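The listed protein sequences correspond, in order, to chains A and B.
Going by numbering that gives the first Met the number 0, 113 is the number at position 114 of the first sequence; the sequence numbering is gapless.
Going by numbering that gives the first Met the number 0, 48 is the number at position 49 of the second sequence; the sequence numbering is gapless.
For the record, the hints were derived by calculation from the structure and aren't laboratory data.
There is no bait here: all hints are sound.
Here chain A is said to cover these stretches of chain B; the calculated rule only asks that three of the stretch's residues, wherever they fall, bring their Cβ under 8 Å from a Cβ of chain A:
#1 7-19
#2 220-233
Pairs of lysine-lysine, DSS-like flavour, derived with a Cα cap of 30 Å:
#3 B:K300 - A:K23
#4 A:K23 - B:K303
#5 A:K24 - B:K300
#6 A:K24 - B:K303
#7 B:K80 - B:K94
Pairwise CB distance ranges, derived in the manner of DEER restraints:
#8 B:M24 - A:S192: 45 to 55 Å
#9 A:A64 - B:R20: 35 to 45 Å
#10 A:K130 - B:A307: 39 to 49 Å
Being a predicted model, the structure only gives us computed values, none of them experimental.
Backbone N, C-alpha and C fix where the C-beta goes; we use that ideal spot for every residue, glycine too.
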Amino acid sequence: MIRIEHLSKRFVTGGGSLLKRTPKKIVQAVADVSLSAENGRITGLLGPNGAGKTTSLRMLAGLIAPDAGTVSVDGISVAEQPRQALARMGILGDAHGLYPRLTARENIAYFGRLQGMEDGAANARAEELAKLLDMTAILERRADGFSQGERMKTALARALVHDPANIVLDEPTNGLDVLATRSLREALRFLCSPAGGAKCIVFSTHIMQEVEQLCDSVTVVAHGRSVATGSVQELLAMTGETRFEDAFVKLAFKAEEQQA
Amino acid sequence: MNFRDFFVVLRKEVMDATRDRRTLMRLMIPAVLMGPLMLSGLSGLIASLENQAEQREIVVSGIENAPSLRNYLERQTYTIKAPPVDYEAQLHASKLSDPVVVVPKDFEADLQNGETPQLTVVVDSSNTRARAGSRSIRGALEGFARERTALALAWRGVPGGVTQQVEIEEFDLANSQARAAQLTGMIPMFVIMAVLYGALTASLDSTAGERERGSLEPLLTNPVSHGALVAGKWGAVALLGMAVALLSALGFIPAQWLIKSDSLQAMFRFGFNEAAIFWLLQLPLATGLGALLMAMAIRSKTYKEAQAGSTLVLTAVSLSAVIPIFNPGGDAPWYYWVPGLGQSLLMNRVLRGDELLVSQLVPGIITAVVLTVVGLAYVARSMRVAAAR
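Extracted from the complex, chain B is given alone in its bound form (with noise of 0.2 Å):
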């Protein structure tokens, strides 16, 4: 292969992608937008449920029937709040952000004559906020229950030990920066589909395009290999979606300052390493995806067919970071070797602050280094029948 030609292909096609302003714009932004704006708003989310916390309300209906449970409550510093009317219909429509809890009437007699009344904490499971909240409101009426247990224990001579005969302690193994993967787990989908959407365009119009235009035909009585010709334009792929890349990952940067969350800020620490990092984890992906593209495209007759076939390829990457979910046993080892999973699972782990290992990163490369050799030897060998044709 002649590299001066593969240079002038190159040069032709990146000159000719990046004059196509407007797709160009319409692929950027959702590309280098989507993830910072889906960071921010989630860390708004987290705000709130930090806020609600730190604000220790508690919304209940009748606490008029339950002067004991307003005591213990003020003690521990809740405010007590009376809910809505209509608390039901707006806790179902995530109106209302905070669980309620329902006093029945004879609450305080049956306290006193040793029945157990009951409690009731209204939630919609489909109100994120609502439920968030009710952990820590289910724990405050259990501390209530406990204390009353003791006390009645204690009028009877009993020490209060004797209803809790094994101490539970949670103690969490993940550290901050994995407690904010849990949060940011669908950031590497965002710069996976960034690498896509600006290696597409180029790969369709240097191949279907290209045939639809009837540009293929001239190009070919030209004295260049068709090796050089085929280099060149994936070249240009390659070197398009690893710039979007760039952009998509560079954007989570001053995303960082859009987070409402001071502990979510603590926790996500994405610098200028992790970016270079991400972006680097993209070239298996920018280059044997784009090979793939160039491979699908080159069959096609004109640039909507080609588009069509794209979407196989689009849709089978976004999917493949889905399978971890079927299999929830764990990493499985082959997962490396998917095109898309393998890189999400990398970034991931980048994200976790956890070390990147060479087992890891070895089969992606691997599978980029076939799939750019098979489909651009394709593309070389279709090149001249789709010109003929």
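Just chain A, with the same shape it has in the complex (with noise of 0.2 Å):
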């Protein structure tokens, strides 16, 4: 169970060194992004690009510090307890790289290992994580040479090594094709089905196609705002479209209009 609250973040960017001075500029990323997503369920992020996502996540993950707003896992705080709070997630961020000289196992293990697993433990894990994702016949070759879906599922098997109830991915099936697009949604749908262990997903996108297919709840992100939550069904009755790709249009453009 993840939540959400109020997230705020701005960036300063500029100020240049000592030798360039560029004028200072305040970029709010994140201005107010509440989430609240379920054990069982896949929760969507849905949102243009720029929207906000990916920071919304790396404040998520503790990789940055939010100016506002409370962020929390299982009831636990990331910024109080980041360590706890990471223990009990899966994260596969924007980066996702992988270590080329190393094999897809042992790329794998090691990060089983940092959870805190034993070699035995982390290396039967990556073994059983390679049949969920059907990347068997990867296990024992060198990430240098993988294509980018190979690349993808050794990165989710990493992040899904320790078993962690919440599951968190930044736009995962960017620049995958249809076939790893396909086999990536079906262990989603396991991993939050209770026989694959009724995982609290959430996942960021900017796709309608796959919110319509997967996420059993999506909130709506426009210009660092959540501006709507709620199943595919109900965003169609709340705009009155019958489209889904209309009715993100509207909530995300209302949400411009309200900005200007």
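Join the two chains into one complex using the hints; note that each chain is given alone, in its own frame.
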């Protein structure tokens, strides 16, 4: 269970170095984002590019400290007990680089060890995840020559190695082909089912179809604010549209008007 | 800090670095071979100088003009050789390795008439071997001049001693190891560079490389303290630096077999003891400079950018060994505080067979501890900022 309440973050860019002075610019990346994700459900964070999705998820992962607002995972505050909170989350962030000289198994097991698992347990778990994500064939290969899809699978397995109750994914389907996207979708469905452990899954995307096909609940984010929350059907009803894309544009656009 | 996490990170970083065989070999081959190769090359030069001295050959142009000189040289068991026609050009081009004595045409007549004829020793000071030989040749010619003077005086009933009121004897204070150290003074620098090269790739890869690959952000989403992460990475950096240093130090032991000069071989005593001391002396460098390299690299977004920064450290360390040249008055106490220079001086003491003093060892260790603590604290602090960008 993940709760994000009234999160805000501003960045100060520029100021320049000794040699080059550039005017300081304040960017309000996140103004007021709230989100509630339950166990056994897939919660989508939908928003156009630059809406503040990645920044919000980074604050959830404890990489950036928020200016205001609170984030808690299974009731544990990320700001106060970051390590306990991180142990309950599997995070596949915006950056998900692998170690090219290590095999897929070593990449996965390394994170397992860092999560406090023993060698044997981490390796057994790597094999288990390889079966789930259909990547047994590449398990002993070095990550150096992996395709985009293989990379993504390895990174996802790495994030799930400690069998976390909460899974956070930042635009996981970016750069994946149809087949890889499909298998990822199936894996996520399984993970949130009772057989897969009824995980709480939060994933951000800007792709409508993914949300329609996968999400039990959606939070629409625009200009750093969460503007609407509900299931796909509820959002359609809220806007009086029949196509989800139209509903989304209306919600995001309305926010823009409010801003102006 | 959690020691378990420290070892998990350390193990992974060492494995990761040693998997990169190609880079490792490229760094290791010059680091390990340069010193021994230089040593054996140098020994070749010394051997040829010794050979020159043993052969007692003297190259004289126009010896037919000086029968008395020929007589003297032959009595001194010198073999007289005629120079090639273009000896000046050959000396200049370092093709001829003996200085040439030039005898003027009317040398013998002038000598008989009591005039002072002139002998010229032609040498090119940029020709190392010829320059080294000129001293013994001057000695031989001066011996001839002394004999002539003594004879002339004896003819007039004056004892020979009047021309030499004072006798000069040279007494060399340097023991044989100290003499060898003059030649082997550059060896420490090779070992120091070996440490730096060994630590370099690992330090860049585990900081800037991690950022460039986009693996730093996922790494930080693990419930591990930043202290343990940074310490584990640093441990791997220091370990690799020390591993290359060990190879480099051990490389000098077989290099001795390549030494061609007998006297150099007798003087250059570098056994397992010396190698072990050399190696241990690198510990402050591998730890302190490893941390410094990491701290310089963590701010860089790419490996390439970090490499440019690290050149600064490498250059500073290799230049530090030159400081004593500008200050020939002897070793100042502050030298031992400078990383690189301090170790170079200590290693030179080992080569000279001098004792290592605690007062010389402690400054380097303190410098290393300070560099490590400050560097690692900086890396730990910067890591979160770096990942968020």
